[in-house]
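First to last, the sequence lines map onto chains A and B. Its first residue numbered 144, the first sequence is counted upward by one per residue in our numbering. Its first residue numbered 144, the second sequence is counted upward by one per residue in our numbering.
Wrong hints could be hidden among the right ones.
Repeated chains share a single entry, so a pair holds when one copy, or any two copies, can fit it.
Restricting the straight-line Cα-Cα distance to at most 27 Å, the calculated cross-link-like pairs of lysine-lysine (DSS-like) are [stated by the list, open to error]:
(1) Lys171 <-> Lys536
(2) Lys477 <-> Lys445
(3) Lys445 <-> Lys399
(4) Lys440 <-> Lys477
(5) Lys440 <-> Lys399
(6) Lys399 <-> Lys348
(7) Lys492 <-> Lys312
(8) Lys477 <-> Lys301
(9) Lys478 <-> Lys445
Keep in mind that the hints were calculated from the coordinates and are not lab data.
2 protein chains.
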Amino acid sequence: MSRLFKMAEIGATSNGGVYRLTLTDEDKAARGLFSDWARELGCSIEVDQIGNQFAIKQGSYSSAPAILIGSHLDSQPTGGKYDGTLGVLAGLEVLSRLMDEGVSHKNPIIIANWTNEEGARFSPAMIGSGVFAGEFSLTYAHEQADSEGVSVKEALNKIGYLGNGGIEKNIKASFELHIEQGPVLEAENKQIGVVTGVQGIRWYKISITGREDHAGTAPMHLRSDPIRTMNAMISDFYAMAEVHQPEAKLTIGTIKTEPQSINTVPGSVTFSLDIRHPDETVLELMHNEILNSCTHKYQDVKLEPLWHSPHVPFHKGCIDAIENAAVKLEIPYKKMVSGAGHDSVYISKVAPVGMIFIPCKDGISHNEAEYASPEDIEAGLSVLYEAVKSMIK
Amino acid sequence: MSRLFKMAEIGATSNGGVYRLTLTDEDKAARGLFSDWARELGCSIEVDQIGNQFAIKQGSYSSAPAILIGSHLDSQPTGGKYDGTLGVLAGLEVLSRLMDEGVSHKNPIIIANWTNEEGARFSPAMIGSGVFAGEFSLTYAHEQADSEGVSVKEALNKIGYLGNGGIEKNIKASFELHIEQGPVLEAENKQIGVVTGVQGIRWYKISITGREDHAGTAPMHLRSDPIRTMNAMISDFYAMAEVHQPEAKLTIGTIKTEPQSINTVPGSVTFSLDIRHPDETVLELMHNEILNSCTHKYQDVKLEPLWHSPHVPFHKGCIDAIENAAVKLEIPYKKMVSGAGHDSVYISKVAPVGMIFIPCKDGISHNEAEYASPEDIEAGLSVLYEAVKSMIK
């Protein structure tokens, strides 16, 4: 907790949050503090060409695969103290406790701080873990620019984190401890979420064309009112989501009529649809139902798929290690999927991955009011420690 | 038709429409042309303090109540040739035919061109007829300014139409010939609409408060999603409108979610509701159902009434005169209410009023594509002529 609060002083906002956009002076200071702490625990520091920072504690057998623990130190513009930071500092805690308890280990233990997880300054998000996993090329990542036109490469250079080191992708297991960023654990009174993967996501833009008509002079039976069609479609969509509860999620975030006039029947209406499900088969089922709705059941509807991020399952060995730890420690837990993306999604492409969630108050995150209790943090750390210990030899 | 096309040259747009905002140089030119034509038919011209223009053809008995025929010569920024203009020029046609047929009349016949019917340059609309009827004070009307800060009084002065004349409110009947601005007559293949009044209108803004949640991490059963409430309300509202068909009209013209983010459950949604009915009792019934829906049936809903314009019935004597004319001429007609407002609404407060509608193509109006056929215009003029003739002695 003292490390967490010390770190939160860097970029601290007046409302108790953190302003620590990636590759800024605040981020540089946070990286420096992390390095200092890691060196105190006997780690060496490596930085790769996208600025990912690795604190490496060598094991007794140099070619043994590493145990990776990591997350990110960057924040949203008005972010909280816990998102990302917890997962990096947790690595220091695990290391410290292993040393305190005199646990020897053949495997190197590596604590990672991934660059630009948030995507708040540079797009895309998770660029550091994405490059590490080969999802983005280094050139592409370096060329991305912020709103002022500063590129990732320039920003890396400016704060002295355009490295030339790195680590081998010889990884036995990778763990990320993170706040849930949702209300489920709190609502169900569980201290640990054993994350089995990240749910699949599909985004759509749906446009319905009608005919503009005067609200006063066009009789209703002569209208082609797109709001009626939307009304029927939305009812169908919620009913479909109901069938796949409690795991399906369906969100209509934006609706726009054209023209926006009180006394004109809209000529068109456009709305967004966000559907998610941990089971790719069910997501596909929902997708097909939406497709059918837009192309056959209703008229004058245009469906535009915007994004599809398939379900990412985490590694059974890592999931089991986490679950076993919770069982052993008698901490109430729940197996669940992550609703949001994390560095672990990309890392899972090159290493066995597991994630541990702990509750956050009211599910609030990306917000200065973000809060996780010391008790829950301790539970998360204990589970992480046991999971790591079960993996090392 | 030649007068109509000549008039349409003033402010003609490249797409066949008219730009003739009130009290502009174009409006001045249109007023001048109207005066010239009226004088040729033996009229004297009076202009009152709000710029209403009256062409007066005296009858044989000086104190007999007048027969008023009128509408407006101003247009929307990209308006059509027929809206308003037809009703003014129709007065000239009636006068001309009375003279051609040697019909003598005790009652003076007055052709009115009301200032700023459209409300496109100055708000409120129908300001000229409104002042004439005592609905707005002259001071209030003079103070209204356009988007450049020019007041009605300044604009009147600039084009030389701040008059000091006018007419007495000694009116036996007032007639307005107008395009329907809706699709009903065309759809039902009728040439004449015998307008019995203007329907009542109520406008509302309805806001539903929910809770912002992450589309990926908040399970659906823990959400407070305002879109669900809105969708249920909209279903109810359409069902309610169905009960009162074919006369009820219900329009949802604008919908806005906050924040407008694809992957955030909206914290709130606001939509507009426009309801209309020719029978004030039914409008009240619908109003009460909406009120109940917003205050009892659904939660976290705020209903904000924006406007209520009660049903205005026209004068039985005038309605009968128009209907009898259509019967006599064997022109297919339909008794109907006007969905839009007209100068006749205000005039009805100080005189017996009747309106005649003719079809316009596809119900299109306030648009350069506005069109009424010469045959329908002739039918409208004949009915107007017969109605006026039936009133004069």
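Status of Lys348 relative to Lys399 across identical chains (alpha carbons, at most 27 Å): Both: 11 Å inside a copy, 16 Å across copies.
Using 27 Å as the alpha-carbon threshold, which applies to Lys478 and Lys445: within, between, both, or neither? neither (38 Å within a copy, 40 Å between copies)
Measure nothing new, just compare the shortest in-copy and cross-copy C-alpha distances for Lys440 and Lys477 to 27 Å and report within, between, both or neither. Close neither inside one copy (39 Å) nor across copies (37 Å); limit 27 Å.
At most 27 Å between C-alpha atoms: does Lys492 with Lys312 qualify within a copy, between copies, both, or neither? Within one copy only: 11 Å inside, 86 Å across.
When no copy is specified for Lys445 and Lys399, does a C-alpha distance of 27 Å or less occur within a copy, between copies, both, or neither? both (14 Å within a copy, 20 Å between copies)
Which holds for Lys171 with Lys536 at a C-alpha limit of 27 Å: within a copy, between copies, both or neither? neither (34 Å within a copy, 96 Å between copies)
Under a CA distance limit of 27 Å, which applies to Lys477 and Lys301: within one copy, between copies, both, or neither? neither (43 Å within a copy, 78 Å between copies)
Go through the copies and call it for Lys477 and Lys445: within, between, both or neither, with a Cα cutoff of 27 Å. neither (40 Å within a copy, 39 Å between copies)
With identical chains, the pair Lys440 and Lys399 could be close in the same copy or across copies; at 27 Å between alpha carbons, which is it: within, between, both, or neither? both (22 Å within a copy, 26 Å between copies)
Consistency with the previously given hints fails for numbers 1, 2, 4, 8, 9, ordered from lowest to highest.
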